[in-house]
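Q: The listed protein sequences correspond, in order, to chains A and B. Quick note, our numbering runs 1 ahead of the 1-based positions in the first sequence. Quick note, our numbering runs 1 ahead of the 1-based positions in the second sequence.
Mixed in with the good hints there might be a few duds.
Just so you know, same-sequence chains aren't split out, so a pair can sit in one copy or run between any two.
[To be verified] Below, a list of computed lysine to any residue pairs in the SDA-like style, where the Cα atoms sit at most 20 Å apart: (1) 13 with 427; (2) 275 with 30; (3) 125 with 152; (4) 63 with 51; (5) 147 with 231; (6) 237 with 121; (7) 13 with 64; (8) 147 with 320; (9) 375 with 180; (10) 147 with 64.
Honestly, the hints are just simulated from the structure, not real lab data.
Protein chains: 2
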Amino acid sequence: MSEYSSLSDTQKKALLSDLSAQYRDFQSRGLQLDMSRGKPGTDQLDLSLDILDCINSSESCKAGDGTDCRSYGLLDGIPEAKQLFAQLLGVTPEEIIIGGNSSLNMMYDAVARAMMFGVLGGDKPWCRLDSVKFLCPVPGYDRHFKITERFGIDMINVDMTDEGPDMDEVRRYVENDDSVKGIWCVPKYSNPQGITYSDAVVDAFASLKPAAPDFRIFWDDAYCVHDLYEEHDHLKNILSACRAHGSENMVFIFGSTSKISFPGSGVAMMAASKANIDFTKTQLCPQTIGPDKLNQLRHVRFFKDIDGIHAHMAKHAELLRPKFETVLSCFDRELRGTGTLDWTSPRGGYFISVNTLDGCAKRTVQLCAEAGVKLTEAGATFPYGFDPRDRNIRIAPTYPTVAELSQAVELFSLCVRIAALEKLLSKGRVKFHSAGSFLKAACL
Amino acid sequence: MSEYSSLSDTQKKALLSDLSAQYRDFQSRGLQLDMSRGKPGTDQLDLSLDILDCINSSESCKAGDGTDCRSYGLLDGIPEAKQLFAQLLGVTPEEIIIGGNSSLNMMYDAVARAMMFGVLGGDKPWCRLDSVKFLCPVPGYDRHFKITERFGIDMINVDMTDEGPDMDEVRRYVENDDSVKGIWCVPKYSNPQGITYSDAVVDAFASLKPAAPDFRIFWDDAYCVHDLYEEHDHLKNILSACRAHGSENMVFIFGSTSKISFPGSGVAMMAASKANIDFTKTQLCPQTIGPDKLNQLRHVRFFKDIDGIHAHMAKHAELLRPKFETVLSCFDRELRGTGTLDWTSPRGGYFISVNTLDGCAKRTVQLCAEAGVKLTEAGATFPYGFDPRDRNIRIAPTYPTVAELSQAVELFSLCVRIAALEKLLSKGRVKFHSAGSFLKAACL
């Protein structure tokens, strides 16, 4: 296929007319597909059904230390859950707190406590400062950005490279501006690119010398065991790396079983240095009596140990690989050489990130929607919902069936090309949207 | 029995010597009982065992609206849980949010959001004000007080009468001081007295004309269906009462199944006017994707409807009545007429509240502890852990067996009398503790 930009206007128009006919054909099919969120498919949920049967008698409600999980207590989780999930995140049981069903909620809470009460080593709550800033590697996870936006924290875009955030940029901000208090990271199979941070990037994080004594890395290890292939990415242990640099209090790690067991009924966790965890537990004390312990126990009974989790993830991979490959092979077939789309080819995680021509993402998403396929909103992968180049789209291939996905991604490829041709024919009349409208659209 | 205060010193000394011998006998028995918290007994937990078996197939994970409860979504709960628990709290499904397992956490979150972002009708977050005050009917629930203490909110003691808080006092504060932003209430079978607010008190709340436009009543209806007898207390519906007075945005209602199903794995809820609920949902949006929906579904499947909950609560009452009666009959037998203890006789809830002679609560709790029975710390029922008269103790009779409880309460009655005699013999040398030491002991 030829680069679309090198075609004559006449060729572009002819091609656009042809593609538009195909598009109308798609519209007539009455598709109704939602690819907007990274939801596991129903077949994936069925993999964990036995988790529901693990506890069914008075005796089976007892944790290893004799605690009746039906009753009150154990603010930071049951011992066997700490044991298991500490291994998941590469920490020790005294370096972890097991929470409820949502790691996002634990991240929100961690930011909220930092704002209201401060973190270990800080001399005041963040809300008492004139300015609080977070670095946001972009494109990134919209719900991270929503949290910091909610608290009025200024978000600064940092470019992603193929091996993680641009660490020169990160270092420049973190080491020179003491109002920079945090950075959002999805270090393994990043949302949305599927990039795993290289050892050099992890070491660069660990060796940061922040201007703020209470700077924290929010390390959302959401996809720690979410490999698609046996030959998979390896993420260097951030807490060990920090320890080697004497910076072990600089990182908060988060994880959950949302995409291991059930998104609506999983177990979430926060890990950090023992000093951070002890400090956090005193902060948690007035907040709750404790999380749902029966659900923690169910998870431990079902997975048994870390090998059980890995074996279980291999089953997820079986179901997910064909979906990722459906998307990538369609891109390869329909778009390679056209110069209308760049895409990532992740070896794990839940997303594929694509860049259209500048100024084509919103139009592409709109075209898909008008033919019945709902994608993640264009711009969602940037703070304030504002992608300055209007080019990034997050593809979430996990929820539809392979058959549905085939149609959806074929439509998507068509829409990418239509939007590109429209843009090229408009001779670069690029309209940038202001951030204002996105701010209004965001929660409150 | 004669009033101890009317005995001669010689009689007091002889009696104290006799009681001390009995006390030493108790010490030699090696008791080890924890009556410090309002925990259901194991037999009560077993009443809800079938809740663990309600969901066991892919199909059974579907909510009534087709939502797969294993997956993401439904920030405010599944429709059938809203339906059921709205009935529990006397509101409509659009006036409720179903949360995770902890109503305390929902209360903490509600206070935290008010501090950080403000409530409907307020012109700024509470944390931007020079002073924020809460009224605290005393004695009350220690964990309520811990929340407001955590946020640096000034707590003002308000006396309880037999039918609820002293509403003249409440009105005076609320209607004249716009820094008074809230009041903590446990309106039915109050913690610790077991008092149910009278209709007149509920109406007095509803007709308040707060100086602060963003004043909120935190109405913790923790014991809404926790009756011990068929002939039970009735609490007037606060939201309806408020609506009649045009003040329906003034109240936040909280409830949970912690003492209906499982404290460690129940379902919590927050109810309020639709305007408040809609406002709260926009605030919740960045906080979490949603609570554990499978556990909500389990609860609805198990209880079926509100009649199912009432029938279930009758079984709890069967198990709890003998415990409350064991305590009360022992008090009646051992203490009536001695003038050493006043107590309440609740018809529901989880606690009995007692007042010793002034200055005797700490000593009584200490004596019990030294003979192996752990009670709720004296002072815990007051803000900052400071009971100005050192006389209130919360008795939690639910967790021990009747046999254990018999021994424990006999010991307690003995300790009450010993502490009283010591106090009377010390000829009124009353030492008041300062609030300082309690502040230090409290979480952070």
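Q: Indicate, hint by hint, whether the structure satisfies it.
A: Against the structure, the hints:
Taking the shortest Cα distances, residue 13 and residue 427 sit within 20 Å of each other inside one copy (11 Å), while across copies they are farther apart (102 Å). Proximity of residue 275 to residue 30 under the C-alpha cut-off of 20 Å is found in neither arrangement, the shortest distances being 57 Å within a copy and 40 Å between copies. Taking the closest pair of Cα atoms, residue 125 and residue 152 come within 20 Å of each other both inside a single copy (16 Å) and across two copies (14 Å). In this assembly of identical chains, the alpha carbons of residue 63 and residue 51 lie at most 20 Å apart whether taken from the same copy (19 Å) or from different copies (16 Å).
In this assembly of identical chains, residue 147 and residue 231 lie within 20 Å of each other by CA distance neither inside one copy nor across copies; the values are 34 Å within and 50 Å between. In the homo-oligomer, the alpha carbons of residue 237 and residue 121 never lie at most 20 Å apart, since the shortest distance is 25 Å inside one protomer and 46 Å across protomers. Taking identical chains as interchangeable, the C-alpha atoms of residue 13 and residue 64 are never at most 20 Å apart, the minima being 67 Å within one chain and 50 Å between chains. When the C-alpha separation of residue 147 and residue 320 is checked against a cutoff of 20 Å, the pair qualifies neither within a copy, at 31 Å, nor between copies, at 48 Å.
Neither within a single protomer nor between protomers do residue 375 and residue 180 lie at most 20 Å apart by alpha-carbon distance, with minima of 38 Å and 48 Å respectively. Neither within a single protomer nor between protomers do residue 147 and residue 64 lie at most 20 Å apart by alpha-carbon distance, with minima of 37 Å and 28 Å respectively.
When each numbered hint is compared with the structure, violations occur for hints 2, 5, 6, 7, 8, 9 and 10.
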